[in-house]
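A.B. asks: Quick mapping for you: the protein sequence lines, in order, are chains U and G. Residue 1 is where the first sequence starts when you use my numbering, and the numbers rise one by one after that. Residue 1001 is where the second sequence starts when you use my numbering, and the numbers rise one by one after that.
Take the hints with a grain of salt, since some may be wrong.
What the hints assert, rightly or not - What follows is a set of in silico ranges between Cβ atoms, one per label pair, in the way DEER data are often shown:
#1 U:Ala120 to G:Arg1009: 45 to 55 Å
#2 U:Trp20 to G:Phe1092: 44 to 54 Å
#3 G:Pro1124 to U:Leu205: 50 to 60 Å
#4 G:Arg1010 to U:Leu205: 58 to 68 Å
As the list claims (entries may be wrong) - Listed next, the stretches of chain U that the computed footprint assigns to chain G, with coverage defined by at least 3 CB atoms under 8 Å from CB atoms of chain G:
#5 131-140
#6 157-166
Said to hold, decoys possible - Every beta carbon over 12 Å from chain U, so not counted as near; a handful from chain G, in silico:
#7 Leu1023
#8 Gly1027
#9 Ala1039
#10 Ala1048
#11 Ala1110
#12 Gly1121
#13 Pro1128
#14 Leu1167
It is worth saying that the hints were derived from the structure and are not from the lab. We put the beta carbon where it would ideally sit given N, CA and C, even for glycine.
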Amino acid sequence: MTQALAFLYNPHRFMAFSAWAAPLFGALALALAAAGLWLGFAAPEDYQQGDTVRIMFIHVPAAWLGLFVYVCLGGASFLSLVFRQALADAAARAAAPIGAVFTALALATGSLWGKPMWGAWWVWDARLTSVLVLFLFYLAYMALRAAIDDEAKGARAAAILALVGLVNVPIVHWSVEWWNTLHQGRTVFAAGGSRAATVFLVPLLLMSLSYMSAFGALWLVRIRGEVWRRRAAAAEARLAR
Amino acid sequence: MSAAFRLLRREMAIAWGRGGGLLVTGGFFAGATLLLPLASGPEPERLAQIAPGAAWTVLALSALLGLERLFERDFEDGALDLMAHAGLPLEFTCALKCLGHWLATGAPLAFLAPVAAIALGASPALAPLLFACALAGGLAFAFTGGIGAALSLGARRGGLLTAVIVLPLFVPPVIFGGGALDAFTSGLPWRAGFALLCAYAAAAVALGPLAMAAACRNALS
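This is chain G alone, in the form it adopts within the complex:
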């Protein structure tokens, strides 16, 4: 257990420390949110309409940022090889890597997302639901994103390839979360969309590590 805990701390330290961590993802999130009113005009009514969806989209895009570093660096310096031969099953190691990545970057973004949506003109009543959606969605993004990151190990232009692989996998959580937020803003029942989002996140957490470990073993073989 202590090995698992240490691995989690190491992953979080890497995600926080090296390469800026939260500063980079948070900065990207703020910058992309800023571009939206600049591009579509500052009329408050129009902005308020698209605010929850915009914050949700930018959140999904921000989740792509750190994925490249999730396995690539450990693959290159040989640490991944050691992890594959260590006592922990590789599936568990991959799950811990994604969990650490989510704790260090995805979870803090969940605090930023409601702020961005309110700044764009969304109703403050939306904030708790957006926060919860961002937490669950971030988990789904981290674990499906990990699949893409592991699959593109050893590929040319791995970072770009990761995005191409991962974006189609982001479609269901984006639809479910967006549906829940949209239903909430128009006063309709929103629980179904939120429950489906949580179900997708749970499935990603359960099944994603199997695919990641298989992809890592393939890259290391």
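Just chain U, with the same shape it has in the complex:
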């Protein structure tokens, strides 16, 4: 793991690696999404939820990814703060909007699912609330970064905030057990094996892998963009001198 990271710290090697890895992840995401959606629509209707159970295949992976991207953001912020790695900071900056979109997608599809199932667009359940808080953390991160003119200072302040917000991630994860109210508890990773039927589990896992690859592709593309932006800024500064 550390060797792989050390390999990628070098921007030249990173650019060479991401040039073929990003399209590969993108193609993988499309293929997995096609298979996952096909199996998802072929799956039988749930005996209680009917057709709406299919919302799960886009809702649950989005919620997982919202959390996962935040952990990536926190990890990259840690690397940039402690080891002063410029590429890690580019990665943190690139991850934030993607994670915000995944979290917003989870909130929106959850709301569409909640209306037929619970009879309300939104309920103030602990888990919904903590996903909303996660979204607010993304917004605060991006707002702080945008508000500080000095780029290096803004990057470090945002990294500190990301690490502070990382405290929130376990709260999101275990909130189901803490204040178990309306949202269903753990199903897939429940103690003693999964409680979901295989016909639903396979498309769900395919869709999760697809989301994961899509995140990998988008993240790499955005980091590449950030590297190009910095190179352009450096070239501009050289010219102005």
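Fit chain G to the given chain U structure using the hints.
C.D. replies: For chain G alone, coordinates are given in the frame of chain U:
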């Protein structure tokens, strides 16, 4: 030790004196509490139901008020630079600043919160728990709020940014305190929520200064 004590006295004097101190936070607290019955109607039964939660929410919002002044002024006139190079560790200085801020504004609000809740129709039996929640919660608000205040040093529109950063951090203490108050009103065991609130406050006091000092060093660099 005397340096620490003097710093604490200075911070309290600033929080009390300059810019109105308690008058401003207390006035905001009273005004925001007043708006609630005006907005939702004066029926006593309905007001009594939401009274503890309303007082608790207004308390959290009042805690945002003085945060802007916590580091900004010292940052601008160079005092923060001197503090960073003084004998005391910057972490300790930040903790003292937050403690002074809490003693001058947060702790007095703990006396006002039960009064506001009772005025809205909450049972007087709730007063001791609300007082204790407001004390512990105020400590958590001051120390997490300090993180936001330190992070937005040198940012454009720092005050507004502080609120955006800090409000998500206020969520756990608000949930724990609100849960304890709600359980107490409905006669359920309330100790768990209160204990979690105290635990959050203790964690904020222990870890917050590290983040604040890192943010101050970054802003001063």
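A.B. asks: Look at each hint and say if it fits the structure.
C.D. replies: Results of checking the hints against the structure:
1. Between Ala120 of chain U and Arg1009 of chain G the Cβ separation comes to about 52 Å, which falls inside the hinted range of 45 to 55 Å.
2. Checked against the hint of 44 to 54 Å, the pair Trp20 of chain U and Phe1092 of chain G passes, with Cβ atoms roughly 51 Å apart.
3. Between Pro1124 of chain G and Leu205 of chain U the beta carbons are some 56 Å apart, a value that agrees with the proposed interval 50 to 60 Å.
4. Between Arg1010 of chain G and Leu205 of chain U the Cβ separation comes to about 59 Å, which falls inside the hinted range of 58 to 68 Å.
5. Coverage of the region 131-140 of chain U by chain G holds. Counting CB-CB distances below 8 Å, 5 residues qualify, and the rule asks for three or more.
6. Restraint check on the region 157-166 of chain U versus chain G: 6 residues with Cβ-Cβ distances below 8 Å, three needed, restraint holds.
7. With a least beta-carbon separation of about 30 Å from chain U, Leu1023 of chain G lies farther than 12 Å from that chain, consistent with its non-interface assignment.
8. With a minimum CB-CB distance of about 28 Å to chain U, Gly1027 of chain G clears the 12 Å threshold, and the non-interface call stands.
9. Here Ala1039 of chain G stays apart from chain U, with its beta-carbon at least about 19 Å from theirs, past the 12 Å limit.
10. For Ala1048 of chain G, the non-interface assignment is confirmed: its Cβ lies about 20 Å from the closest Cβ of chain U, beyond the 12 Å cut-off.
11. For Ala1110 of chain G, the non-interface assignment is confirmed: its Cβ lies about 25 Å from the closest Cβ of chain U, beyond the 12 Å cut-off.
12. With a least beta-carbon separation of about 22 Å from chain U, Gly1121 of chain G lies farther than 12 Å from that chain, consistent with its non-interface assignment.
13. Listed as outside the interface, Pro1128 of chain G is consistent with that label: its C-beta sits roughly 24 Å from the nearest C-beta of chain U, beyond the 12 Å cut-off.
14. A beta-carbon of chain U comes within 12 Å of the beta-carbon of Leu1167 of chain G; the shortest separation is about 7 Å.
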